[in-house]
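J.: Model the full structure from these sequences, guided by the hints.
What follows is each chain in one-letter form.
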Amino acid sequence: MSRWAGLLFILIGACLLAAALAPAADPPRRLPSAPPAASDQNLAVVVNKSNPVEKLSMAELRKVFLGERSHWPNGRRITLVMMESGQPERDAVLHMIYQMSETDFNNHFLRGMFTGEVFVSPKTLATPVGVCKFIFNVPGAIGYVRATDVDESVKVIRIDERLPEDRGYRLHVPPRPSK
Amino acid sequence: MGSVPLIDPLLVSIARYSSTLLLLVVFCVVTIVGIWIIRDLDTANLEVQRMYAGSVLGLHRIGELQYEAQETRRATFYALTTNDSNLQLEYADESREADRLVNAGIIEYLRQAQTPREIEIGNRLESDWSDFLKVRNEVLSSILEGSTKEAVTLDLAGGVQSFDRVRQDMEEIKRLYDEQASQRLANVVATSRRFAIRLIAVLAFTLIFASASVWAIQRSKMLAAIQFAELQVEFVASVSHELRTPLAVISSAADNIVDGVVDKQVDIRRYGSVIQKQGRQIAELVNQILLFASTRDRRSRYVLRPLQIPQVIESVLDNTSELLHDTGFIVERQIQASLPYVMSDPLALSQCLQNLIVNAVKYSGESRWIGIRAVLTDLENRAGQEIQIVVQDHGIGIERSELSHIFEPFYRSAAVSDAQIHGAGLGLSLAKDIVEAMGGKLAVVSEVGRGSSFTLHLPLAEERDLRLAAATIELPSDIQK
Numbered sequence: 404m405s406r407w408a409g410l411l412f413i414l415i416g417a418c419l420l421a422a423a424l425a426p427a428a429d430p431p432r433r434l435p436s437a438p439p440a441a442s443d444q445n446l447a448v449v450v451n452k453s454n455p456v457e458k459l460s461m462a463e464l465r466k467v468f469l470g471e472r473s474h475w476p477n478g479r480r481i482t483l484v485m486m487e488s489g490q491p492e493r494d495a496v497l498h499m500i501y502q503m504s505e506t507d508f509n510n511h512f513l514r515g516m517f518t519g520e521v522f523v524s525p526k527t528l529a530t531p532v533g534v535c536k537f538i539f540n541v542p543g544a545i546g547y548v549r550a551t552d553v554d555e556s557v558k559v560i561r562i563d564e565r566l567p568e569d570r571g572y573r574l575h576v577p578p579r580p581s582k
Numbered sequence: 007m008g009s010v011p012l013i014d015p016l017l018v019s020i021a022r023y024s025s026t027l028l029l030l031v032v033f034c035v036v037t038i039v040g041i042w043i044i045r046d047l048d049t050a051n052l053e054v055q056r057m058y059a060g061s062v063l064g065l066h067r068i069g070e071l072q073y074e075a076q077e078t079r080r081a082t083f084y085a086l087t088t089n090d091s092n093l094q095l096e097y098a099d100e101s102r103e104a105d106r107l108v109n110a111g112i113i114e115y116l117r118q119a120q121t122p123r124e125i126e127i128g129n130r131l132e133s134d135w136s137d138f139l140k141v142r143n144e145v146l147s148s149i150l151e152g153s154t155k156e157a158v159t160l161d162l163a164g165g166v167q168s169f170d171r172v173r174q175d176m177e178e179i180k181r182l183y184d185e186q187a188s189q190r191l192a193n194v195v196a197t198s199r200r201f202a203i204r205l206i207a208v209l210a211f212t213l214i215f216a217s218a219s220v221w222a223i224q225r226s227k228m229l230a231a232i233q234f235a236e237l238q239v240e241f242v243a244s245v246s247h248e249l250r251t252p253l254a255v256i257s258s259a260a261d262n263i264v265d266g267v268v269d270k271q272v273d274i275r276r277y278g279s280v281i282q283k284q285g286r287q288i289a290e291l292v293n294q295i296l297l298f299a300s301t302r303d304r305r306s307r308y309v310l311r312p313l314q315i316p317q318v319i320e321s322v323l324d325n326t327s328e329l330l331h332d333t334g335f336i337v338e339r340q341i342q343a344s345l346p347y348v349m350s351d352p353l354a355l356s357q358c359l360q361n362l363i364v365n366a367v368k369y370s371g372e373s374r375w376i377g378i379r380a381v382l383t384d385l386e387n388r389a390g391q392e393i394q395i396v397v398q399d400h401g402i403g404i405e406r407s408e409l410s411h412i413f414e415p416f417y418r419s420a421a422v423s424d425a426q427i428h429g430a431g432l433g434l435s436l437a438k439d440i441v442e443a444m445g446g447k448l449a450v451v452s453e454v455g456r457g458s459s460f461t462l463h464l465p466l467a468e469e470r471d472l473r474l475a476a477a478t479i480e481l482p483s484d485i486q487k
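So the sequence lines, in the order shown, correspond to chains X and U.
As numbered in the numbering used here, residues 404 to 582 make up the first sequence, in order.
As numbered in the numbering used here, residues 7 to 487 make up the second sequence, in order.
Bear in mind the hints are in silico, worked out from the structure with no lab data behind them.
Ideal placement from N, C-alpha and C gives every residue a C-beta, glycine not left out.
It cannot be assumed that every hint is accurate.
With a straight-line cut-off of 30 Å between C-alpha atoms, the simulated DSS-like cross-links for lysine-lysine are [stated by the list, open to error]:
| no. | chain 1 | residue 1 | chain 2 | residue 2 |
| --- | --- | --- | --- | --- |
| 1 | X | LYS452 | U | LYS447 |
| 2 | U | LYS155 | U | LYS140 |
| 3 | U | LYS140 | X | LYS558 |
Calculated from the model, a selection of chain X residues having no Cβ within reach of chain U, i.e. all distances over 12 Å [said to hold, decoys possible]:
| no. | residue |
| --- | --- |
| 4 | LYS458 |
| 5 | ILE481 |
| 6 | PRO491 |
| 7 | MET503 |
| 8 | LYS558 |
T.: Here it is, written out as structure tokens:
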């Protein structure tokens, strides 16, 4: 009995030690709790309607967004669309998909383009409407907008088998500040 | 003025019935040609409207279409000039908006296309434009992706050619519109020329026809005046003869009495009777002339009142009894019983009837029979009734060609003149004027050698006239009731 108690004590201690020794990361951001379905707190990943891709896993999405994948299955070149710096949607994507800071994101693409490891240079647009228009015009484009900003010109893909309105969807964005 | 033997009788007959007939013909011809010209004007107007709607507006539309097509391509190239994705998107929007307008223009053109050639060009343009848009979309996509070189390569490989085809299609449509406009303009010019020719023709025709009409009317009036003057001369001669004969008898009788050739009381009385008879004949002739003059001057005013026809006939027969007795005529009367009243002037109607009886006596030839019939009959249109007084003889009759002239004043047929039957040619004219002034009419049926039948048609007195007459003048008791 005392031997089992001793093992439990050692395990808890190891956990505490591991937590204490973990590398310092960016200050934790406060993520919104699970929002109601199809609200502006869900971030939809959108592609051109001609794109045959209907779903991606979070890992695949991350590869696409990191520029580690150059073409879609239909042969179209992937064009990544980002919103301008400072936009909540961009911040959410940096945090949830890239898991990088703004600086790390810029460095990643600079270094990747230089070394040839990254195939895609992100395009930066100012508004969700611009994002949708860009994706409408470019068959291989992929981007993100709030679920409420999605229009008929683009297609929303499933991430980890879930659409923005589904329970358990993982990509969220802080609500828009009220005017 | 020289006479035109063939035309003059026609002119006289035209003038006799109505000289305005010619003007009516002119009016009809001018109206018909006028309608013709107006139709030409309408056609030209319609052609101009079609030309404007079809060709001018069409050219305007194709001009806009060409501009928007250029704008579609130009806006795509503008996107090449910047790396700002937001600006590139604006250019892409401009290109797509222009492309939308071009599509709408093509659809509108196809909707209005009518000829097979228009439809064929429209379909080809639609297809070529669709091909161009496919290339444009790829170029636009490459530009937005940042692949400028690829965009230029794509455009050079497909965009230039496809856009050139579109441009050629639009040029062909433009040429088509030009051709249609030229054709329609030619139509308008042809219609205008036709219109001008017709207008000149109708004006010339009107002028010539109007001149001819005026000439014909003037000539016919002149001929009528000459004829009237001839009739008057003949009338004067006839009246002189009519006056001279009794005057000669009176003068001879008076000379015999004055010279003592006749001294017995019985002979003097007989001569006096002859003088009295001839004097009355002269007075009768003068009365006829005065009556005719008064009817010509429209000074004759008839006083209409309800009359019983049998009384009028009796009165006239009384007045002419001496003439009838002396000449040995038998008068056969058929007067229908209980004839209704007619509205008429008693003196005028008596004069009218007396003229007919005297004429029957004069033109009976060897026959010594006169028939007088008065009946109530239905009107021809069955809209009412009238009284007909028929004076019939079995005399010499009247030629068919003379029938239309016998009611003209001073007219005397050649046969009558040759037969030395005395008269002034006023009796029937007076009778006709009188009966027509009283709302009736005078008709004649005659056959040479079998006699003549003159019928007075007299309208019946209406209830209102009878009541009015009863209130104003003294009438027989049956009316007053």
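J.: Does PRO491 (chain X) clear chain U by more than 12 Å, comparing its Cβ with all Cβ atoms of that chain?
T.: holds, 19 Å
J.: Verify this label for me: MET503 (chain X) is non-interface relative to chain U, using a Cβ-Cβ cutoff of 12 Å.
T.: The assertion about MET503 (chain X) holds, with a minimum of 21 Å to chain U.
J.: Within 30 Å, alpha carbon to alpha carbon, are LYS452 (chain X) and LYS447 (chain U)?
T.: Violated, because 102 Å separates the two Cα atoms, which is more than 30 Å.
J.: Is the Cβ of LYS458 (chain X) more than 12 Å away from each Cβ in chain U?
T.: Since the minimum Cβ distance to chain U is about 23 Å, LYS458 (chain X) lies beyond 12 Å and the statement holds.
J.: Non-interface claim for ILE481 (chain X): all C-beta distances to chain U beyond 12 Å?
T.: violated, 9 Å
J.: Straight-line Cα separation of LYS155 (chain U) and LYS140 (chain U) no greater than 30 Å?
T.: holds, 18 Å
J.: For LYS140 (chain U) and LYS558 (chain X), compute the direct alpha-carbon distance and say whether it is at most 30 Å.
T.: Satisfied, since the Cα-Cα distance of roughly 21 Å is no more than 30 Å.
J.: Just double-check LYS558 (chain X) for me: nearest Cβ-Cβ distance to chain U has to come out over 12 Å.
T.: Holds, because the least Cβ-Cβ distance between LYS558 (chain X) and chain U comes to about 16 Å, which exceeds 12 Å.
Checked against the numbered hints given earlier, the structure breaks hints 1 and 5 and satisfies all the rest.
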